[in-house]
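The listed protein sequences derive, respectively, from chains A and B.
Start counting the first sequence at 596; every next residue gets the next number (my numbering).
Start counting the second sequence at 596; every next residue gets the next number (my numbering).
Derived by calculation from the structure, the hints in this document are not laboratory data.
Any given hint could be a false lead.
What the hints assert, rightly or not - Which stretches of chain B does chain A cover? Using the computed rule of at least three CB atoms under 8 Å from a CB of chain A, they are:
hint : segment
1    : 597-608
2    : 685-692
3    : 725-735
4    : 849-858
Note that the structure is predicted; figures quoted are calculated from it, not measured.
Beta carbons are placed, not taken as given, at the ideal position from N, Cα and C, and that holds for glycine.
Protein chains: 2
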Amino acid sequence: MLAQAVGYSQTAFGRAEEDGFADLATRASRGALDAAGVEPEAVQALFLGTYAGLALGGQGFPAAVVAARLGLGRVPATTLEGACASGSLAFHQAVAAVEAGVHDVVLVVGAEKMTSASTAEVTKMLASASDIASDSYRAGLTFPGFFALLARRYLYDYGVDAELLADVSVKNRDHGSRNPYAHFQTPVTRDEALGARPIAEPLRLFDCSPISDGAAAIVVASKEWASAHGTERPVDVLAAAQASGPVSAEELESFVSLPAVVVAAEKAFTTARLTPNEIDVAEVHDCFTIAEWIATEDLGFFKRGEAAAATADGATRVEGGLRPINPSGGLLAKGHPVGATGVAQLIEIIRQIRGESYNQVAGAELGLAHNVGGTGGLAAITVLGRG
Amino acid sequence: MLAQAVGYSQTAFGRAEEDGFADLATRASRGALDAAGVEPEAVQALFLGTYAGLALGGQGFPAAVVAARLGLGRVPATTLEGACASGSLAFHQAVAAVEAGVHDVVLVVGAEKMTSASTAEVTKMLASASDIASDSYRAGLTFPGFFALLARRYLYDYGVDAELLADVSVKNRDHGSRNPYAHFQTPVTRDEALGARPIAEPLRLFDCSPISDGAAAIVVASKEWASAHGTERPVDVLAAAQASGPVSAEELESFVSLPAVVVAAEKAFTTARLTPNEIDVAEVHDCFTIAEWIATEDLGFFKRGEAAAATADGATRVEGGLRPINPSGGLLAKGHPVGATGVAQLIEIIRQIRGESYNQVAGAELGLAHNVGGTGGLAAITVLGRG
């Protein structure tokens, strides 16, 4: 049974002063149900993605809590965790349930509440998405440090000037400046990016995604259900592939490629019967600027070592770029409420395919979302197409 | 495609001084693979259940970490959370993947590391498996308090003497005294139970399950795979049903029944085409003594208000009982490492159906596991049968 996305909604990403974890998740969920024209009682299952709903948001058991708040009835409510790819896991489980014919219409929501904890606490929780018995974790390697190592290696291997990293943040902040849901809606200049304070060199402030609160939800239905309900502009799920990979820095064989992404991408393209060149638009997991270069190379959008120059040349811009990447502004501008990120990426691809984005890629029919957990311990790749 | 359990293993439950979360989960997983005769490279997906792997165990992203430690290759590794029913959710997702034909052989593991946190911290984390914006949570209602309310209501509604609660703990501690993996392997007398210090009256110390560390793992395969690999004594998964329910005390319409259990049980019996009377043996979620009475009534094993007398009469004992409940000793004796609990319940049912339990119910062919999360916010019911 073909699964389709038939409605979506998200909260504004950023600092949610008033709202708790379940408030955010419930609001996005209600919005998605309204958009899809689905009554809560009609939903047959809920899949919720979060990394630290309990550890940072204080809310355990969130799928059951959100199901109760929405009045879904006594349906199965399942919480999925896959670090920064938690939202995509929830979407993939929903798709699998619809494809298997177990359910006809299900709700997916991803959420995170992070800003009420201290930056040190958040940094430690995120670093715990690696093997905490590993030498690198015990030595204190956090994610900014890890991605700084990848950046140094990339610059060294390919002889790239460190200043080119700024082109990623400048591009994504520009895209994000037109995204009304983005955490940062102001552009940054190249000089601002290069002059910002170092976080873990060569990464500076604007090379890093922020700590955000937010939620995003999608209603997934079978094509049969969507047709029977007259859904307008449904979006087909052409592939939903997941793979695991190294869970500590010292396990990586290369610092310029994440094997889980390579494997998941291969599965996704095979399932969708597509090649990277046929993808019109992609949202990739730019938790740090360097991650966007490596992602676009692992996905086969650019040859090894060429993403940096392609970015500098404007190839990844929505305006005038042949290979538009992160029209939403990516994690760098949109924000990174961890559990919501994967779902928000998919929402942007749905917008693009429906032709309703604030940063529309003209004629986009095929889109891809690339969501990564930890040090590449998990990759979830989803390919969507016009229904 | 019929799903079968083809191998299992668990760690001893209790206080694991040396082992971290991932150590426990990895050990149980290796044991299950060995028991099933499955090489790590042959596993096609991993499903891991935990409630507080990050919040209490300090290990985020555990499915990916365990997959890497086991050397599973680049397979999907998914973490499921459903409070105290997390382990069953992992098992149910694995069964769904096999039934849908997505995978042929998958690994399920449930784990929790709780004893390195303080009792106050654990109690708060467990209480967070309810809506933390609810009045009852904000007023400080923890799980011992919640189940004490249920106990008071049960005793009042049915005119039952509070001393009868002791029969549940005496029976389960007796069963547990023969379980080499149990947290408590010593029996308690009725006088000891009744003389123990109050925790939340009428519940006393032995009415409450302990805080434990532990892990349990099962290999699930398609019947086709199991036949082709000559698996001995495979156990059929006849039903795996899940439902959601109230997530705070004030949402419950009755304090002597959990609606999620009633709904999930109805679904499970319908799917398995069985009635409660046909079940030979059951593991039920006795986080507190009162919970066993309510569970056995919600499941239809006893009429409303009759579980107390039935327990007093010995009906739920393995020796001489017509309706043996918790041959493992239940959570009260076996311990309750939250994420592992559901998987350990299923392991006991598999042992029973294979005829290899330390507390064998003669001729057991059909068994049921009943696993509950939070204040009944989630129920997962699994029915297994001889393959």
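Results of checking the hints against the structure:
{"no.": "1", "hint": "597-608", "in the structure": "violated (count 0)"}
{"no.": "2", "hint": "685-692", "in the structure": "holds (count 3)"}
{"no.": "3", "hint": "725-735", "in the structure": "holds (count 4)"}
{"no.": "4", "hint": "849-858", "in the structure": "holds (count 3)"}
When each numbered hint is compared with the structure, a violation occurs for hint 1 only.
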